[in-house]
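Protein chains in written order, with our numbering: chain A, 1 to 419; chain B, 1 to 289.
Don't read these hints as lab results, they were simulated from the structure.
Warning: the hint list may mix true and false statements.
[What the hints assert, rightly or not] Keeping only pairs whose Cα atoms sit at most 27 angstroms apart, straight-line, the calculated BS3-like set for lysine-lysine is:
id : chain 1 : residue 1 : chain 2 : residue 2
1  : A       : Lys179    : B       : Lys232
2  : B       : Lys232    : A       : Lys235
3  : B       : Lys141    : A       : Lys237
4  : B       : Lys193    : A       : Lys387
5  : A       : Lys235    : A       : Lys289
6  : A       : Lys73     : A       : Lys164
7  : B       : Lys277    : A       : Lys404
8  : A       : Lys174    : B       : Lys66
9  : A       : Lys237    : B       : Lys232
10 : A       : Lys235    : B       : Lys277
11 : B       : Lys232    : A       : Lys73
12 : A       : Lys132    : A       : Lys174
13 : A       : Lys308    : A       : Lys289
14 : B       : Lys232    : A       : Lys404
15 : A       : Lys387    : A       : Lys274
16 : B       : Lys277    : A       : Lys387
17 : A       : Lys73     : A       : Lys237
[To be verified] Residues from chain A shown here face chain B by an in silico Cβ test under 8 angstroms; the list is partial:
id : residue
18 : Ala102
19 : Asp248
20 : Gly257
21 : Ala275
22 : Thr383
23 : Asp400
None of the values given here were measured: they were computed from a predicted structure.
For glycine and all other residues, C-beta sits at the position ideal for the given N, C-alpha and C.
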Amino acid sequence: MSFKLQNAVLAGAVALFSMVGSAEAATTVKFWHSFNKASGEALNKIIADFKTANPGIDVQAEFIGDYNDIVAKLQAAIPANRAPDAVILEVTRYGLFAERGALIDLTPYFDTDPLKADLYDYAREVGVYKGKNYIVPFNSSTPVLYYNKDIMARAGITGEPALKTFADILATSKTITEKLGKDGITGIAAPGQFARWGVVMANDSELIDRKTNNILLDSPNTIEAYQWMASLVSKEKVASPDGVTEEDNGRDAFLAGKVGIMMNSTGNYTGSKKALGDKLEVRPMPCNKVCSVPIGGAGIGILASSSKEVQDAAYKFVSYAASPEANATWFAATGYLPINKKSAALPVAAKALATQPGIDTAIKSLDYAYGRARPPVVTWMRTTEYKMWEAMALGQRPVDETMKDFAAQTRAEAKRAGN
Amino acid sequence: MFRALTPYLLVAPLIIFIEVFTYVPILSSLNLSVRHWDFLSPTMPFVGLENYETLLSSRDFWNSLKVTTIFAVLSVPLRLALALAVASYLVRETLPSRLLRAAFFLPSVTSAVSIAVVFSWVFSTDYGMVNAALATLGFGKVPWLQDPSLALWVLIFVNTWKQLGYDVVIYIAGLQAVPQELYDAAAVDGGRKLHVFRRVTVPLVMPTTYFLLVISVIEAFQVFTIVNIMTKGGPAGATDMLVNLLYRVGFTLFDIGQGSALAVLLFVFLIVLSLIKSRVIGRKVHYEA
């Protein structure tokens, strides 16, 4: 073998071993999330940037489905020892996992992290359960009211439509349905669960009291809000029942230009803008009795089943995901709220604010946005609410009776589960 | 010694497989059905028959049992009658018959999820093909999957469409086993087609009918995928069949104890149903011409 060939073989072997060495040195963090399409691409960019800055940590992200899917899969994965190391959890549903010891207390990490001072108060609050930090927020949102300007104009509604109270929204929806129903256009999309919570709050009530955890499903204002929402479908027929049995159908119809008004998360901003362009207009949620909106979205928690080394690596990622750079990228790409006070000043966010009208609507709602109760029973309540809503919206059961029954069941479940 | 053990060693892998994947889960379900557990709690306290009591006193359980029974009672005879009619036509060994057999069988081997997603769109109130076709005839929108009185019929239709091909193939095998001389004798006696079908074909394919009846009733009581994808048990519980309820209780409400109790009840119910069928119908089945 010639000297040159020997050198080449030796160099190759060294390179190979060094690659194997670095691959072994990397700590792998398995991360479950709920973002696909445009938001999935934005998340992948954040992960790629993180990997570049932290070559020793390999974040393996996996799209699991929506928030409900993640809760279901995580709950089954934990006893099977197949849980990930980090997971996106919706802000009202991580309490169950915190309560059962499945998530680690992030307070020791968070207290020494400069990030803590950079987060908005609301963003810090949503991660706290019983005085300890279990998630660090990633995608925060409030519901907002979207409408299609073109549909308004075609329905003869000129200028800015009145959409501040339930009566305003119903009147506008009726006009749209009456004028454009023959073209297959309906006034409003049946509200999804997050928007339903927002409508209840706009009627000066709650599903569960955020301070005392008392169940308020049968309080008069909650019932009144549900009566109004159900009437949009069953009595007034200004919303299609398609969006009741599958709430994404309502959103898809709005994006397809077949619905005039939609109440939905600000996280839908970019998708709506892409679909409707200049026809899209964004307004705050109605203030029927009061101005009050829920803070939604999710944060990232770290699983107790992972090793300390992996938990440390996972926290680095969690912290990076809430950093000004990552958060600015996320905000501009999706429309979710900025959670970091320094994000808005960064060029990518500043450009989005300057060029995408309406993206700041949710930010302006923050003065009256509130975190919601998150005891373990919320997971049960939110799962059961879909069935109750269907029965009311499709006119199968009276709202008053249904909400009272729902409240009684939720109280019994809370007692049974020891909430 | 080795020679004596050989048969046991040969069947051991299969027995172990059945033990691990059939009997252990059944016993595990029995055990979980008398406990409280939510997947996350470190303990599983013994609660006796509480899960069964809760289940049997819940409106959801009785609604699911009613819906599942209606589904089975309507869909099974429809499937079998249609399958026998189609099989009688396709039993001939011609090229079009063979092609049609393949076409009918195709849905049976197609993913149930894909079928359910496609039919969700076909029956969509606002954008579905069915309503579009009805609109051309001047009809208004029909909320197929939102109207409790229609949603179950849609599921029966989709399930029949999916399973028909399997039933047809089994019936064709049964029909091919009917001796030709019996038809010849009937022809000599001047029997009309319908008469021959009723007096010769139907009795002689009874073993096949009985087999399909047992299988399709069990299948009807275990239908899940199309329900979960198309209606999630809605609207307002109108299609909330037993396995969908089991899934909801066990895997979305995380009450594993109650979910397991429901699985045990379903298991017992199907065994009892099969025994009744064996007693009532099984005696009328003759396996020889």
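Here is how each hint holds up against the structure:
Annotation: proposed proximity of Lys179 (chain A) to Lys232 (chain B) is violated, straight-line Cα distance about 34 angstroms (limit 27 angstroms). Between Lys232 (chain B) and Lys235 (chain A), the direct Cα distance comes to roughly 24 angstroms. Compliance with the 27 angstroms bound is thereby established for this hinted pair. Restraint check: the Cα-Cα separation between Lys141 (chain B) and Lys237 (chain A) comes to about 12 angstroms, which is no more than 27 angstroms; the hinted pair holds. At most 27 angstroms may separate the alpha-carbon atoms for a hinted pair to count; Lys193 (chain B) and Lys387 (chain A) exceed this at roughly 52 angstroms.
Between Lys235 (chain A) and Lys289 (chain A) the alpha-carbon distance is near 22 angstroms, which keeps this suggested pair within the 27 angstroms criterion. With a CA separation close to 39 angstroms, the supplied pair Lys73 (chain A) and Lys164 (chain A) exceeds the 27 angstroms bound. For a cut-off of 27 angstroms, the pair hint linking Lys277 (chain B) to Lys404 (chain A) is broken: about 43 angstroms separates their Cα positions. At roughly 39 angstroms between alpha-carbon atoms, Lys174 (chain A) and Lys66 (chain B) are farther apart than 27 angstroms, so this suggested pair is violated.
Restraint check: the Cα-Cα separation between Lys237 (chain A) and Lys232 (chain B) comes to about 23 angstroms, which is no more than 27 angstroms; the hinted pair holds. Restraint check for Lys235 (chain A) and Lys277 (chain B): not satisfied, since their Cα atoms lie roughly 47 angstroms apart, outside the 27 angstroms limit. For the suggested pair Lys232 (chain B) and Lys73 (chain A), the alpha carbons sit about 17 angstroms apart, so the restraint of at most 27 angstroms is met. Using a Cα cut-off of 27 angstroms, the hinted pair Lys132 (chain A) and Lys174 (chain A) is violated, with the two alpha carbons roughly 47 angstroms apart.
A distance of roughly 49 angstroms separates the Cα atoms of Lys308 (chain A) and Lys289 (chain A); the hinted pair therefore is violated under the 27 angstroms criterion. Between Lys232 (chain B) and Lys404 (chain A) the CA atoms are separated by roughly 23 angstroms; this keeps the pair inside 27 angstroms, and the hint holds. Restraint check for Lys387 (chain A) and Lys274 (chain A): not satisfied, since their Cα atoms lie roughly 32 angstroms apart, outside the 27 angstroms limit. About 35 angstroms separates the Cα atoms of Lys277 (chain B) and Lys387 (chain A), which puts this hinted pair outside 27 angstroms; it is violated.
The straight-line distance between the Cα atoms of Lys73 (chain A) and Lys237 (chain A) is roughly 36 angstroms, outside the 27 angstroms bound, and the hint therefore fails. With its C-beta approaching chain B no nearer than about 6 angstroms, Ala102 (chain A) sits inside the 8 angstroms limit, and its interface hint holds. A cut of 8 angstroms between beta carbons decides the hint on Asp248 (chain A): the least distance to chain B is about 11 angstroms, and the hint is violated. Interface hint at Gly257 (chain A): violated, since its Cβ lies 12 angstroms from the closest Cβ of chain B, which is beyond the 8 angstroms cut-off.
For Ala275 (chain A), the suggested interface contact is broken, since its CB lies about 15 angstroms from the closest CB of chain B, more than 8 angstroms. The interface hint given for Thr383 (chain A) holds, since its Cβ lies 5 angstroms from the closest Cβ of chain B, which is under the 8 angstroms cut-off. Given hint, Asp400 (chain A) at the interface with chain B, is violated; its Cβ is 16 angstroms from that chain's nearest Cβ, farther than 8 angstroms.
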